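Colleague: Required output: the full structure, derived from the provided sequences and hints.
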Amino acid sequence: MLIYVMILIGCSWLMQSVFGFLQIRHFNRKYADMRKLGRVAIGRKTGLFKAGTVVMFAIDRQNNILQASKMQGVTVLSRVRPLKGFEGKHFLRLGEDDFHKVNKLTKLAIQDALESYHIIAKGGELKVKKSWMDQLFSKKIKTR
Numbered sequence: 001m002l003i004y005v006m007i008l009i010g011c012s013w014l015m016q017s018v019f020g021f022l023q024i025r026h027f028n029r030k031y032a033d034m035r036k037l038g039r040v041a042i043g044r045k046t047g048l049f050k051a052g053t054v055v056m057f058a059i060d061r062q063n064n065i066l067q068a069s070k071m072q073g074v075t076v077l078s079r080v081r082p083l084k085g086f087e088g089k090h091f092l093r094l095g096e097d098d099f100h101k102v103n104k105l106t107k108l109a110i111q112d113a114l115e116s117y118h119i120i121a122k123g124g125e126l127k128v129k130k131s132w133m134d135q136l137f138s139k140k141i142k143t144r
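Just so we're aligned: 24 in our numbering is position 24 of the sequence shown, and the numbers increase by one with no gaps anywhere.
Check the hints yourself; a few may be wrong.
Below are the DSSO-like pairs computed for lysine-lysine, each with C-alpha atoms no more than 30 Å apart in a straight line [stated by the list, open to error]:
#1 K84 to K36
#2 K89 to K122
#3 K104 to K127
Each pair of labels, with its calculated beta carbon distance range [unchecked claim]:
#4 Q16 to K50: 18 to 24 Å
#5 L92 to L136: 33 to 39 Å
#6 S17 to Q62: 38 to 44 Å
#7 L136 to G73: 18 to 24 Å
#8 I9 to R93: 46 to 52 Å
#9 K127 to N103: 22 to 28 Å
It should be emphasised that the hints constitute simulated quantities derived from the structure, not laboratory data.
Remember, predicted model here, so these are calculated numbers, not experimental data.
Heads up, the beta-carbon is just placed ideally off N, CA and C, and yes, glycines get one too.
Modeller: Given below as structure tokens:
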């Protein structure tokens with residue numbers, strides 16, 4: 001009986017790995033397609049027990065949005081899909097009135113893309129954001 005449980009866990013892990021690989025490959029292809037159009041600003045908002053969101057904006061030299069897309073979901077089955085209503089708008093002038101058609105996580109991801117763009121435009125470097133696992137383990141180490 002234990003061997004069947006171990007096989008089930010192994011198969012589940014393998015399937016998740018394969019689907020994760022396919023998801024990353026799909027994302028990279030969409031990013032490459034957008035990169036052909038111009039610069040790409042990327043923002044993300046991760047959710048612990050909610051759907052995570054990644055947004056990408058292809059922008060021209062005048063910072064006008066040529067194409068916008070997002071990937072949102074809680075599983076490795078999420079795919080990059082078009083984000084309607086942003087094409088033709090000036091990326092740096094996006095504001096609250098532009099966010100009325102999107103959910104809260106998408107809004108936060110767009111704001112992250114704007115912040116990331118400003119940091120890179122000023123010649124700065126983006127800080128690596130800690131995952132919830134990193135934060136959990138760093139708290140345990142500090143308390144010891």
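Colleague: Of the hints given before, which are not true for this structure?
Modeller: none
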